[in-house]
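Q: Read off the chains here:
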Amino acid sequence: MFDFIQNHILTLIIFIPVIGGLIILFLPERHNLIRWSSLIITLIPFTLSIMLYAGFDRSVSGFSYPGGLQFVERYSWIQAFNIELFLGVDGLSMPMALLCTMLCPLCVLASWGIDKGIKGYFFLFLLLETGMIGVFCALDFFLFFISWEVMLLPMYFLIGVWGGPDREYAAIKFYIYTLIGSLMMLLVIIYMYLSATPHTFDMTRLAQLGAGMEFKTLCWIVLFIGFAIKVPVFPFHTWLPDAHVEAPTAISVILAGVLLKMGTYGMLRVNYMMFPDVTFKMSMFIAVLGMINIIYGAFCAMAQKDLKRLVAYSSISHMGYVLLGMASLTEEGLNGAVLQMFNHGVVAAMLFLLVGVIYDRAHHRRIDGFGGIASVAPNYAVISFLAFFAALGLPGLNSFISEALVLLGAFQKYRIITAVSATGVIITAAYCLWTIQRIFLGKLNEKYAVFPDINAREFISLLPLGILVIVLGIYPHPILALMKPTVRFINNLITGSGI
Amino acid sequence: MGNLESIRYFAPEGFLSVFIITFLIAGLLRRKTFSKSSFSCIAGTAGLFLTLILELCINTGYPDAIVIFSGMLKLDALSHLFKILCISSSILLFLFSYSSRETSDSLKEPMEYALLILSCTLGMMLLVSSSNLLMMYLSLEFLSLTAYMLTGFTDKNEKASEAAMKYLLYGGAASGIMAYGLSLLYGITGSLDYSGIHRFIAENNSGIILYISMIFIFTGLGFKIAAFPFHAWCPDVYEGALTPFTAFLSVGPKAAGFAVIIRFFYQIFTVRGEGDVLTVLGSADWPAMLAIISALTMTFGNLAALRQKNIKRLLAYSSIAHAGYMLMAAASLTILGIVSVFFYLSVYFLMNFGAFLVVIAVSNEFNSDEIEDYEGLAWKNSKGAFLASMFAVFLFSLIGTPPFAGFIGKFYLLLSILQPENPIYWLAVVAVINIIISLYYYARILKTMFLSRRQKGTALSGFERGQYLQYSLMAGLALFSIIFGIYWSPLNNISMLLENFIH
Chain U
1 MFDFIQNHIL TLIIFIPVIG GLIILFLPER HNLIRWSSLI ITLIPFTLSI MLYAGFDRSV
61 SGFSYPGGLQ FVERYSWIQA FNIELFLGVD GLSMPMALLC TMLCPLCVLA SWGIDKGIKG
121 YFFLFLLLET GMIGVFCALD FFLFFISWEV MLLPMYFLIG VWGGPDREYA AIKFYIYTLI
181 GSLMMLLVII YMYLSATPHT FDMTRLAQLG AGMEFKTLCW IVLFIGFAIK VPVFPFHTWL
241 PDAHVEAPTA ISVILAGVLL KMGTYGMLRV NYMMFPDVTF KMSMFIAVLG MINIIYGAFC
301 AMAQKDLKRL VAYSSISHMG YVLLGMASLT EEGLNGAVLQ MFNHGVVAAM LFLLVGVIYD
361 RAHHRRIDGF GGIASVAPNY AVISFLAFFA ALGLPGLNSF ISEALVLLGA FQKYRIITAV
421 SATGVIITAA YCLWTIQRIF LGKLNEKYAV FPDINAREFI SLLPLGILVI VLGIYPHPIL
481 ALMKPTVRFI NNLITGSGI
Chain Y
1 MGNLESIRYF APEGFLSVFI ITFLIAGLLR RKTFSKSSFS CIAGTAGLFL TLILELCINT
61 GYPDAIVIFS GMLKLDALSH LFKILCISSS ILLFLFSYSS RETSDSLKEP MEYALLILSC
121 TLGMMLLVSS SNLLMMYLSL EFLSLTAYML TGFTDKNEKA SEAAMKYLLY GGAASGIMAY
181 GLSLLYGITG SLDYSGIHRF IAENNSGIIL YISMIFIFTG LGFKIAAFPF HAWCPDVYEG
241 ALTPFTAFLS VGPKAAGFAV IIRFFYQIFT VRGEGDVLTV LGSADWPAML AIISALTMTF
301 GNLAALRQKN IKRLLAYSSI AHAGYMLMAA ASLTILGIVS VFFYLSVYFL MNFGAFLVVI
361 AVSNEFNSDE IEDYEGLAWK NSKGAFLASM FAVFLFSLIG TPPFAGFIGK FYLLLSILQP
421 ENPIYWLAVV AVINIIISLY YYARILKTMF LSRRQKGTAL SGFERGQYLQ YSLMAGLALF
481 SIIFGIYWSP LNNISMLLEN FIH
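Sequence lines, in order, name chains U and Y. Under our numbering, the residues of the first sequence are numbered 1 to 499, in order. Under our numbering, the residues of the second sequence are numbered 1 to 503, in order.
Since the hints were derived computationally from the structure, they do not count as laboratory data. Misleading hints may appear alongside valid ones.
If you want the ones that stay clear, here's a sample from chain Y, every Cβ over 12 Å from chain U, calculated [as the list claims (entries may be wrong)]:
#, residue
1, G400
2, K410
3, F480
Here are the simulated SDA-like cross-link-like pairs (lysine to any residue), alpha carbons at most 25 Å apart as the crow flies [said to hold, decoys possible]:
#, chain 1, residue 1, chain 2, residue 2
4, U, K173, Y, W379
5, Y, K383, U, A456
6, Y, K383, Y, D373
7, U, K116, U, I19
8, U, K173, Y, Q419
9, U, K216, Y, Q419
10, U, K119, Y, L306
11, Y, K380, U, I118
12, Y, K380, U, L33
13, U, K216, U, T238
14, Y, K380, U, L22
15, U, K116, U, A456
16, U, K173, Y, E372
17, U, K119, Y, R444
Cβ coordinates follow ideal geometry from the N, Cα and C atoms, glycine included.
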């Protein structure tokens with residue numbers, strides 16, 4: 001039994017959610033039963049991914065099998081096209097898989113209040129989880145694409161049916177944007193498949209594809225745009241505020257915590273690992289985009305009146321650090337970028353959960369509509385302070401380390417861009433503190449004289465994140481050690497190809 | 001092969017012809033029994049099932065083709081597979097008519113209805129295997145005439161008569177032009193037989209006149225598959241005709257039309273060279289023509305569908321768009337292109353029939369085909385949720401989202417158009433843009449059913465005992481749409497029979 005789990009651990013992590021979701025469809029329509037079973041179903045992959053974490057060999061690196069990839073499983077799927085169920089993790093996907101499986105049970109907790117179409121909700125949610133983990137673990141390009149696309153359907157309904165007042169618009173906008181990106185990706189994937197001899201979707205083999213530089217550059221740009229829509233990178237970001245604001249709390253958490261990382265993960269996995277020479281030429285371009293994201297996102301966040309929209313724009317700003325770190329092509333920068341992906345997943349999830357808590361009580365999210373909440377809901381206030389301080393990069397909390405690493409790495413290459421980006425830290429601090437002041441401090445708004453403090457369920461969903469924020473702020477080694485060899489490998493690959 | 005020898009290869013069609021005559025005589029003798037629409041439908045289904053079994057058992061001579069009746073008909077993988085597809089769609093038409101309240105109420109002469117469907121099937125079977133210009137033209141006309149009659153086969157609404165009239169007029173004009181094209185082709189080559197024409201073109205240079213005749217002939221074929229600019233009949237006919245027949249019209253005759261297009265262009269005007277590379281034979285660059293028509297067809301279909309309020313019209317325009325996607329593969333001039341057309345048609349068979357079945361079920365409830373009546377369907381009761389989820393599966397498949405079969409179909413089409421020997425990049429980009437446009441109107445139906453919280457007043461009845469056939473058909477089609485989206489090797493292996501279609 002144990003051996004079976006050990007040998008098929010990735011398959012289990014990926015497919016348990018969707019199988020559980022199908023079972024849920026056939027359970028009797030009792031709300032608590034469905035909630036608890038979803039919670040249990042999402043806890044299984046989490047437990048398995050802890051096993052994955054424990055068994056992960058932190059010393060190997062490389063993008064090949066046998067080689068750097070671990071827990072590899074390989075089964076033939078469609079023989080006619082050489083499509084395989086080819087799964088594996090390395091230092092890049094391991095933290096992401098961990099983040100994703102960790103957030104899902106917390107999101108189930110945050111979805112406790114859903115009562116309309118509850119079966120459908122949890123089925124779609126679990127389907128979404130399968131897609132997300134699939135993207136991080138797929139090493140077959142076709143499987144990668146299928147997982148990437150499979151998320152569209154649940155996401156459309158989760159935003160569109162269970163979302164806020166403007167949900168119809170947000171859902172279709174999200175769908176169209178993402179579909180544009182993924183169809184562009186599909187064309188490149190097909191092209192790469194056809195250029196390889198023999199035809200293959202195996203990503204490790206496609207990485208060695210020899211082709212003309214012009215062709216590669218074109219592929220690189222198209223793929224980059226496809227991923228950039230998901231991140232989202234500046235001109236393609238407009239779907240994000242709508243989708244985040246209208247989505248129900250748990251889905252905002254997934255969007256900010258996992259889906260955005262998929263964009264940068266895709267860039268690192270595909271653009272960086274498969275086209276290192278083009279990446280070397282394009283790094284400046286990525287750095288500029290990262291800088292725009294940081295500054296633009298931060299200024300937009302500052303201008304928002306709606307708390308959830310503010311958090312959404314802050315995500316754009318924080319993803320800018322990931323881009324900047326990636327563009328630096330130094331070990332510090334890349335480590336910082338991947339760590340920032342993990343850290344932002346934790347912090348953004350926390351912020352969205354906190355917004356959900358306040359919205360459940362006040363039924364609005366206008367920042368100006370509150371005041372002095374700290375005096376009536378002290379526990380809630382403390383956790384919110386922690387989250388906002390983490391977001392603004394207070395030393396001792398997790399984001400500080402990743403942002404510092406990013407700036408440290410980037411400064412070695414782009415002095416001016418990094419200097420400009422660093423001002424983003426100040427703007428971020430400004431809007432975070434200003435928000436804290438307007439909501440939690442000052443005179444108590446009489447309307448909220450009776451404001452129930454955070455309850456046990458909400459507290460439990462926030463607690464693990466809060467602990468991570470503090471622990472990783474002091475001792476980031478558990479996550480950094482996972483990614484270090486892989487990051488070094490990527491860095492050598494790219495700087496080596498540029499010479 | 002001589003006529004007498006040919007008869008045993010003609011068993012399915014022969015059986016169907018005998019069955020039609022028997023059906024007619026029996027129907028006249030026992031008018032009362034046959035005037036029950038359930039009886040006629042079941043009898044017709046039984047006949048088609050036997051035909052299907054015969055077709056499955058018969059020796060197609062694969063991988064070698066068998067030419068029967070002195071070159072009139074050709075039995076090969078193409079005719080075999082498309083015949084199966086056409087017979088299956090006729091069977092579904094019977095089952096749909098049987099389970100639809102619309103047809104059982106408004107059919108005054110079910111015997112004649114069944115008879116026409118059977119004749120229509122015979123027409124399609126002959127059409128997909130014909131390898132002679134005359135035979136092709138006659139079976140095309142046979143198919144069209146029965147289709148005109150079936151379109152107007154209800155006195156319930158005036159739209160049906162109008163649609164039938166329009167269909168007839170357009171069809172008459174199209175086939176007239178086509179006949180002119182055929183006569184030109186005959187004039188150039190002096191042969192009606194496909195292989196004879198092929199031989200003549202390989203040896204002689206025929207100049208611009210070949211191109212002209214090809215365009216004229218394509219008018220008739222394009223009319224059958226509703227390609228732009230020969231599509232104008234399509235929305236009116238789809239809206240006016242009985243919904244089961246509309247569903248059939250969007251799949252069966254369209255499949256037959258594609259079979260003719262493939263046979264005509266790939267058997268006469270194509271040479272298979274070294275390493276399975278296909279090249280155009282003759283002076284006419286037909287792949288370019290098909291590529292342009294394909295781009296226009298899909299773009300027009302999708303743009304026109306954006307503003308439709310009636311679900312049947314919307315699906316009509318969407319079927320125009322899908323014809324455009326399939327033409328793309330037909331224009332690819334690769335073997336995979338032929339395979340892809342069949343693969344896509346099989347997938348399209350599942351999802352389009354499924355979508356129309358939901359439309360039938362809903363219009364039986366509300367007596368309406370307006371999209372606004374679908375509002376909040378998913379939240380009305382368990383039947384509403386069932387219908388809406390089924391519709392969602394078919395619509396997502398039509399959009400081309402994994403894990404549904406429609407995505408795999410589009411994957412094949414894009415793969416065939418990007419084949420290294422003859423890639424048409426611009427068409428792939430046009431197709432991708434079109435898929436994005438199509439998302440918008442399909443999602444609008446989804447939005448109406450699932451997202452809007454307002455509910456129209458009309459109540460929905462629960463599951464009915466008499467309708468279980470309908471529900472299980474729907475679930476079956478949906479199930480296969482999902483299965484082929486996840487594991488499509490069986491369908492791939494069947495489609496790959498077409499690999500050796502060109503020698």
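Q: What hint numbers does the structure not satisfy?
A: 1, 2, 5, 8, 10 and 13
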